[in-house]
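Participant: Here's the letter readout for the chains.
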Amino acid sequence: MSGVRLENLVKRYGDVLAVDDVSLEIEKGELIALLGPSGCGKTSTLKMMAGLEKITEGNIYIEGRRVNDLKPEDRDVAMVFEDYSLYHRMSVAQNIAFPLRVRKVRRAEIQKRVGDMLELLELGDVANARVQDLSGGQQQRVAIARALVREPALLLLDEPLSHLDADMKVRLRTEIRWLQQERNVTAVLVTHDQLEALALADRIAVMDSARIHQYASASDVYERPANIIVAAFVGEPPMNLLDCTLEAVDARLYATAGSANGGVAIDVGSSAFDELAAHDVDLSGAFVLGIRPEHIAVSDDGDVSSSISAEVFFSEWLGMERLLMLAEPGGKEHWITALVRSEFSVREGDEIRITIDPDHAVIFDGASGRAVAGGQPEPSEQPEPGRA
Amino acid sequence: MIEDARPRKILRTLGLIAIVIAFVFPVYWLLSFSFKPERLFFDLPPVWTFDPIVTEWVNTFRTLKLWETIINSIIVAGGSTLLTILVGTPASYSLARLRVRGKTDIMLFIIASRMAPAVALIIPFFLIYQFLDLLDSHIGLIFAYSTFNMALYVWLLTVMTRELPADLEGVAEADGYHPFQVFLRIGLPLMRPSIIAVGVLAFIFAWNEFPFALLLGGRTTETLPVVAARSLSAGGVEWARLAVISTVMVIPVAVMVFFLHKQIVRGLSMGAVRG
Amino acid sequence: MLEVEDLTMRYGELVALESVTLDARPGEIVAVLGPSGAGKSTLLRLITGLTRPSSGSISLSGRPIQKEASWRRNIALVHESYVLYPHMSVTENMAFPLKSREAPREYSDQEITERISEVAKVLEIDLLLERQPHELSGGQRQRVALGRALVREPAVLLLDEPISHLDAKLRNWLRGELRRRLSAAPWPTLWATPDGFEALAVADRVAVLRAGQILQFDEPQEIFDRPVGVGVAEVSGTPPMNVLPGELIADPLGVKVAGAPEPLPLVRPTQIDSLPAGEVSIGVRPFALRIVRPGDAGSSTPASVLACEYSGRHTVISVRLEHETLRLLEAGQHNIPVNEPVLIAWDGAEVSIFSREASCAGALEFQTTVGSNEHRAAPSSEQPVQTG
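Protein chains in written order, with the working numbering: chain F, 1 to 388; chain D, 1 to 275; chain R, 1 to 388.
The shape of chain F in the complex, shown without the other chains (with noise of 0.2 Å):
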């Protein structure tokens, strides 16, 4: 069944079109996170579906029902707020309790409900503490009980951990994953933090310039980014993306790439040509090769026919990885990122060699921006905006 349907969304400021033609489905029970910089929409559109903001075209659907004439409170919509937006006068329990005693409920199933959330969120301890009191990590607990509490049809977090430290945000965002698996509670999540992103969301619409670029499991996102925009916000360290030239030689694809002596040829495998050859891509025009880190195999003595030489610019022990900034050989400039197990062992300056994973290279026309091979197509037919 479906959660929450968009159909069409727009939204314009004026002559700002802040939400260009959003549409996307949201199945009952999942967590669908609307990723982006900002001043992408995702806000907008977030606004949209609690309420807040008028829906300038389009339709919105919660739990079958079309929402565009509801006011906010009709809507069956609970909100979490970047800054908790608790209210400050009163207890935790009486916080927890506002949106039920405002509908209503009679005061012993009040009473049991709030008892519950208390005890699946640890805070009996705390429950007549005023919420003041409370360090930022846990007033986010209490605005997240008291939107759960009410059991609706569907959850906005609109930047929950933004405010939070690092070690809290990490804490939190286990705890939102569990509660919401727990509820089973339909959940959209406005962030701008692509690991956040990636960590809670079942899906992922990835948005720029008010459209959706990518709307797809996490896995998708970063494995078969859709077009570069994805590629480059998705990702840390970041995809490397490489302008190259495309040649094919005996079922083979090979991206020449660098700048150094008219650049290298790297040997991206005969799935891509596949791939190419399928859809009649024209080689001629100008590419960008992507690839992450961690598909990148180093060795101090690769075999020279499938391997290409790099310059170490500078290398990051991480722990259990080492991250690589790469050169081309004599060059000055950061050109490749790597990222390898921790035992390998270089010094800045070294010479090394690296190869591609060719089943996880991504091919992007240079111009559009779009994913040709090994990435997964855009959500509409309509002409990208171009590179990033």
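Do not take every clue at face value.
Said to hold, decoys possible - Derived CB-CB ranges, DEER-like: (1) D:Thr49 <-> F:Glu73: 53 to 63 Å; (2) D:Ala118 <-> F:Glu73: 50 to 60 Å; (3) R:His134 <-> D:Leu16: 25 to 35 Å; (4) F:Asp69 <-> D:Leu16: 25 to 35 Å; (5) F:Asp83 <-> R:His134: 12 to 22 Å; (6) R:Lys169 <-> F:Gly331: 11 to 21 Å; (7) F:Ser23 <-> R:Lys169: 24 to 34 Å; (8) F:Gly115 <-> D:Ala116: 19 to 29 Å; (9) R:Ser61 <-> F:Glu348: 23 to 33 Å; (10) R:His134 <-> D:Arg62: 52 to 62 Å; (11) D:Val27 <-> F:Leu52: 38 to 48 Å; (12) F:Ser23 <-> R:Ser108: 45 to 55 Å; (13) R:Ser61 <-> F:Glu343: 30 to 40 Å; (14) R:Ile112 <-> F:Asp357: 45 to 55 Å.
Unchecked claim - Calculated pairs, EDC-like style, for lysine to aspartate or glutamate (alpha carbon to alpha carbon, straight line, at most 16 Å): (15) F:Lys28 <-> F:Asp76; (16) R:Lys121 <-> F:Glu333; (17) F:Lys332 <-> F:Asp365; (18) F:Lys28 <-> F:Glu63; (19) F:Lys332 <-> R:Glu177; (20) R:Lys169 <-> F:Asp193; (21) R:Lys99 <-> R:Glu153; (22) F:Lys71 <-> F:Glu53; (23) F:Lys54 <-> F:Asp74; (24) F:Lys28 <-> F:Asp202; (25) R:Lys169 <-> F:Glu236; (26) F:Lys112 <-> F:Asp74; (27) F:Lys169 <-> R:Asp195; (28) R:Lys256 <-> R:Glu153; (29) F:Lys28 <-> F:Glu151.
What the hints contain is simulated information worked out from the structure, not anything from laboratory work. Yeah, the Cβ is synthetic: ideal placement off N, Cα and C, and Gly gets one too.
Fit chains D and R to the supplied structure of chain F, relying on the hints for placement.
Facilitator: Relative to chain F, chains D and R alone:
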């Protein structure tokens, strides 16, 4: 929020117009009195159209030597405002941003000096001034005004200066600047809108001040409020003259607020310093 | 050379810093790693001279400076709240420290311009130089604040969470770029951060600060491989080491973990004669544990799944083990339903055993004795302490 529908917009505009009329009308009424022939003053219903005359303006300026009074007022109000700003600004900055021992006590003391009624202060002032031979002198009035203005100025400016971004001074010190340099180069420029706003307020208070001017001043230092008050006597009220003097008193304040209103609003809301 | 010795800071009853001793050589980056409230900012304020210490000494190249006025110390500070002078443009902000009378030498206008444009390019703010602070985003302001310090030639550079608000791409890039730059500089750098990952990546040495005390001051690899106590273990690595209460049994050597039906046997490391028998804390890295199916051989403990958080390369799986939460790191994406019972395999896992003295006092709860480093049961290379 759901955007305004058109009828609501119109309603709001009408409401605003009504409020503006309520505030502007008395000023217009005052101004019209100074140009109205005296016989029309109390006609009911009020006479809205008439041939303006300037006789009362000419008379008032000539017979009362109003120019001298205006200059007195400017010297006294301007001088005391300047003195307040010069002394009060560093004081406010120190109270707001530096570690000063007994800060709260000092602040309470400052506000307490505003609580006493003016009359209670006038008698000691009078006796002291008599001893120091400062009665009927500009400098005497400037000092007297500065006492009550200083309290207001320091109190308000301190509260406003506290709102400047935290840690500015620490960062500037780490950048190699002596605290006094930090005050001059970081503190002062950021306090400017507040200084202007509170300074204008202090000027207005001094400009309109009456009891001190009446009792500590004299023939040579007569200020506008004192002269205006003389239009009211047991023999009756000289309406036209009062209208002229009042208009003269309103003009500088209106002009000042007109030119500085952006700074004043910024100063009072402290929006200027939030980057 | 910066030397901090026995530095203590008390605010009334509250001890913000207690006998902190550390040093930093020219060209060295020392990370001060700790959660918020650990005293990182206090330490930097004391070195800058914005606050006077209760006791202890700070010296630069052998010269004590704790009595010197802050503006004469020539210490560049990037404040955690990255304040800019609101009434100055970006250029003016960056030029401000160079125009100080206390600057180490006089800079000509031309040199000031050159230094600013060079640093601005590195920080990617070269197009913002004429902007006013209120026209900048949070990340841009943070970079300008950083730029204001980097144009200088200070005696010491102090960075308080300098790259925490930047997007992933720029943060990764800047971390390396700053490291390159500062390693070549003739002054030491202190880099405060709550992020264990960042500290390992960037620092030559890491001082782990917790509740005002330095728990360990050592090279990143030592901090990661041989944490002296639970306090250190819990901040190094992402996700950090799991720490569970347990009981050490001498004969046969083993450790009893909550939820385990029988003690997990340990292999006695040859170089250790005595172990802290009885109540101990057990540290185990998230990647050392595995989830197995019922019936698989070996020692395993039953647990239930709390949440699965995907990060692109791995999934962090949080499980509940009686009253403890345990995090596991598995490669790829995993999606186990919430509350699903699973078995956690300990086979061959390296575990660290920490003695639990002073287990009653708040934040010091897990502080181990000095000897606990030797008590640690598993050096990283071989795996002398093995279960099964």
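Participant: Checking each numbered hint in turn, tell me which of them this model violates, lowest number first.
Facilitator: 8, 12, 17, 26, 28
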